[in-house]
Every structure is written in structure tokens, then in C-alpha cells.
Amino acid sequence: MGASRAGRMSMYMGEHDTESAGGIPANGVPSDKAVRQEREQWDEGKTVKERIYETTLTLREPTPVSVVADRAECTPASARRHLRWFAEIGIVEPVGEGQPAQFQRSKAVA
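Once you know that position 84 of the sequence shown is 84 in UniProt numbering, the rest is easy, because the numbers rise by one and skip nothing.
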């Protein structure tokens, strides 16, 4: 893992989180502080797709589209469209068939 990616991954650790593989909290849910740091580190030139991709790399638990949209600072419609595409290429997996739509990172992307 490159130094910059390792740095991005380590930011997901909150003060009281325990680290699991990849620097993501063991419970799979980044702290509010980690989400704020993630947003601060995004270049203004990043596309919605890039922001959603970076957000999906942290999804360990089924996560509603609305939460991904909030974290990636985009509309739920944009998040849903990109998440469906990421599911087609195997980065995330849809969870369940109900509403709200939920996705989690694919086990193949561990």
C-alpha cells in the first residue's frame, strides 16, 4: 500500500476505535471526526465518482445510499447511480432488496 493511501486509511481511526486490517475501525463505521478529515483531504477537483469510490472503500457494514451520499457530499440519485456501477464491477455489493437501498464493500476488495 502506498504511503498516501496508508495515510488516507489511517485517518479513519478514531481515538477509541480499534484497528483492523487496512486501518478501518473494527466495527466498520468511521467516526464523525474521520469523516470530517476525509472531506478536508479531498481535492476540490475530485469528481463525485471519485468521492463515492473513496467512501465505498470504508464500507464494512450495509450502508444506506443516503449515508454514502451525505459522506460523499452528493445527491442520493448520484450516489445510487455510481454505487450500482461499482456493484456491476465488483467493488460493492447490494445488500437486501428492501428500501432504503444499502451497499457494502465487496469481500473481493478486502
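Possibly wrong hints are sitting among the right ones.
To be verified - SDA-like cross-link-like pairs, simulated, lysine to any residue; straight-line CA separation at most 20 Å: (1) Lys107 with Ala77; (2) Lys33 with Arg84; (3) Lys49 with Val109; (4) Lys49 with Arg84; (5) Lys107 with Phe86; (6) Lys49 with Val67; (7) Lys46 with Pro94; (8) Lys33 with Glu73; (9) Lys33 with Glu61; (10) Lys107 with Glu73; (11) Lys49 with Pro94; (12) Lys33 with Glu54.
Stated by the list, open to error - With beta-carbon atoms standing in for the labels, derived distance ranges: (13) Glu40 with Glu97: 15 to 25 Å; (14) Pro64 with Ile89: 13 to 23 Å; (15) Thr47 with Ala87: 11 to 21 Å.
Read the hints as simulated data drawn from the structure, not as lab findings.
Glycine included, each C-beta is placed from N, C-alpha and C at the ideal position.
Quick rundown of the hints versus the structure:
{"no.": "1", "hint": "Lys107 with Ala77", "result": "violated (25 Å)"}
{"no.": "2", "hint": "Lys33 with Arg84", "result": "violated (28 Å)"}
{"no.": "3", "hint": "Lys49 with Val109", "result": "holds (17 Å)"}
{"no.": "4", "hint": "Lys49 with Arg84", "result": "holds (12 Å)"}
{"no.": "5", "hint": "Lys107 with Phe86", "result": "holds (13 Å)"}
{"no.": "6", "hint": "Lys49 with Val67", "result": "holds (15 Å)"}
{"no.": "7", "hint": "Lys46 with Pro94", "result": "violated (25 Å)"}
{"no.": "8", "hint": "Lys33 with Glu73", "result": "holds (16 Å)"}
{"no.": "9", "hint": "Lys33 with Glu61", "result": "holds (19 Å)"}
{"no.": "10", "hint": "Lys107 with Glu73", "result": "violated (25 Å)"}
{"no.": "11", "hint": "Lys49 with Pro94", "result": "holds (17 Å)"}
{"no.": "12", "hint": "Lys33 with Glu54", "result": "holds (16 Å)"}
{"no.": "13", "hint": "Glu40 with Glu97: 15 to 25 Å", "result": "violated (36 Å)"}
{"no.": "14", "hint": "Pro64 with Ile89: 13 to 23 Å", "result": "holds (21 Å)"}
{"no.": "15", "hint": "Thr47 with Ala87: 11 to 21 Å", "result": "holds (19 Å)"}
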